[in-house]
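*Asks:* Kindly generate the complete structure, drawing on both the sequences and the hints.
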Amino acid sequence: MTTTYVPHASGRLLSSIFILSIISLILAVIRPVAALGVLTAFIALILCAIQGASILRARKRGEDIHPAVTFGKISLTAGRFAIILAVIFCIAAVNTPPSSATPAPKKPAAVVAEKKKDDSAEKKAEAEAEAAAAAAAAKEAAEAQKKAEEEKARIDLENAKNEQGTALNVLATLAIKGRAPKTGYARTQFGSPWMDMDRNGCDTRNDILKRDLTGISTDAKSHGCKVLSGTLADPYTGTTIAFTRGRSSSSAVQIDHVVALSDAWQKGAQQLDATRRQAFANDPYNLLAVDGPANMQKSDGDAATWLPPRKDYRCAYVARQIGVKAKYTLWVTQAEHDAMERVLSSCPSERVPEDNGLNLSTVQGQGEAAQSQPQTQPAPAPEPQPQSAPAPAPQPAPAPAPQSPSQPQGGDVSYPNCAAVRAAGKAPLHAGEPGYSYKLDRDRDGVACER
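Our numbering applies: residue 184 is where the sequence shown begins, and numbers increase by one.
Heads up, a few of these hints could be off.
What the hints assert, rightly or not - The calculated BS3-like cross-link candidates involving lysine-lysine, where the alpha carbons are at most 25 Å apart (straight line), are:
hint: 1; residue 1: Lys481; residue 2: Lys360
hint: 2; residue 1: Lys365; residue 2: Lys344
hint: 3; residue 1: Lys322; residue 2: Lys306
hint: 4; residue 1: Lys330; residue 2: Lys307
hint: 5; residue 1: Lys360; residue 2: Lys510
hint: 6; residue 1: Lys335; residue 2: Lys322
hint: 7; residue 1: Lys322; residue 2: Lys307
hint: 8; residue 1: Lys344; residue 2: Lys494
hint: 9; residue 1: Lys344; residue 2: Lys329
hint: 10; residue 1: Lys365; residue 2: Lys481
hint: 11; residue 1: Lys393; residue 2: Lys306
hint: 12; residue 1: Lys510; residue 2: Lys344
hint: 13; residue 1: Lys344; residue 2: Lys360
hint: 14; residue 1: Lys481; residue 2: Lys510
hint: 15; residue 1: Lys622; residue 2: Lys404
hint: 16; residue 1: Lys393; residue 2: Lys481
hint: 17; residue 1: Lys404; residue 2: Lys393
hint: 18; residue 1: Lys494; residue 2: Lys335
hint: 19; residue 1: Lys510; residue 2: Lys329
hint: 20; residue 1: Lys510; residue 2: Lys365
If you're looking for bench data, these hints aren't it; they were derived computationally from the structure.
Small disclaimer: the values here were computed from a predicted structure and weren't measured.
*Replies:* Written out as structure tokens, the structure is:
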């Protein structure tokens with residue numbers, strides 16, 4: 184019984200160890216710890232092999248095999264113990280986390296969170312890429328549109344320059360020269376302020392106030408000439424101004440020379456005769472009722488140095504300047520020309536305003552007639568003197584006043600005061616008429632001694 188038990192037990196042990204070794208090898212590939220089970224199974228295999236070898240040697244020599252059997256039992260017990268250890272190591276290998284070289288598996292919640300984070304980052308990157316692509320496409324489209332608009336503006340500008348009556352077309356006809364010296368300039372070079380050039384009985388200032396203001400009221404004593412109040416829609420600032428005549432309030436509304444007198448003097452007006460310069464200063468085509476402070480700010484500036492604060496009026500303003508300069512054959516500087524063209528590039532179809540001002544041919548004829556008048560007509564004779572009549576019987580009444588020295592005596596005429604003007608029968612005096620002066624026209628409205 185003993186001789187057959189050991190080999191049989193050893194065979195079973197060997198089979199178990201072999202199978203276990205195969206399993207351990209497979210596990211060793213998955214988990215390095217399983218290599219311990221392989222090592223243990225290998226030791227058990229060696230023990231069984233030693234036990235089997237001892238029994239075979241005993242048989243060949245004819246020796247008693249009981250010691251070998253005893254040793255076989257011991258080795259069998261050790262082999263079983265080794266199998267148990269191998270199984271334990273294999274189970275441990277399956278449940279043991281990877282070594283430090285391999286990252287430990289994360290908990291499911293952390294994995295999900297990180298995956299969501301990665302997905303979010305990826306979506307964000309995709310969104311940023313799409314946004315960048317859209318921005319690039321929009322920029323490219325904007326640049327293309329800008330180029331198309333610039334090309335259209337260039338074509339419109341060229342067409343406007345060739346279209347009769349546009350401001351750009353007239354601007355191209357103006358000479359471009361440098362600014363002449365201001366030497367010799369004075370306001371009197373353009374005649375007395377606010378003359379009655381159109382012979383309508385009213386001075387130019389009141390003519391413009393009546394034209395540009397609404398809701399006006401006039402002084403009946405001035406035959407409807409003197410504007411006392413009204414409302415101005417100021418073209419320069421876009422504001423509404425209530426005008427009331429008075430020493431402290433009249434300056435709120437001023438009459439602006441669209442082409443300033445000083446600017447005109449330096450750009451060709453020096454070559455104009457006195458009559459044409461008077462017409463220039465009193466031509467409604469060159470005059471606008473405007474906000475007083477804005478007019479003071481403009482001073483004698485041209486388009487290169489001053490433009491109305493109201494931007495949507497600049498095209499009309501520059502077009503009027505061009506029309507005035509063309510009418511009076513004045514030139515522009517290069518800087519002024521460029522500024523005008525720059526303004527009109529935004530409104531190439533802007534036309535020069537219709538000239539409803541003075542007719543220069545008529546004015547010139549009147550001027551020539553006025554110059555020849557002193558040669559054909561004597562100066563206004565003084566009123567008949569009372570002493571020329573038969574003297575009445577002596578009475579204590581005062582003798583008739585002698586001829587006032589302030590009455591016209593031919594040539595230059597001056598009056599010391601409005602009483603003298605009334606005594607001479609010349610009241611009211613209008614700007615431009617003989618004897619008119621600022622000292623008589625205290626409110627500077629162009630009409631003196633009207634009351």
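*Asks:* Among all the numbered hints in the text so far, which are the ones the structure does not match?
*Replies:* Numbers 2, 4, 11 and 19, in rising order.
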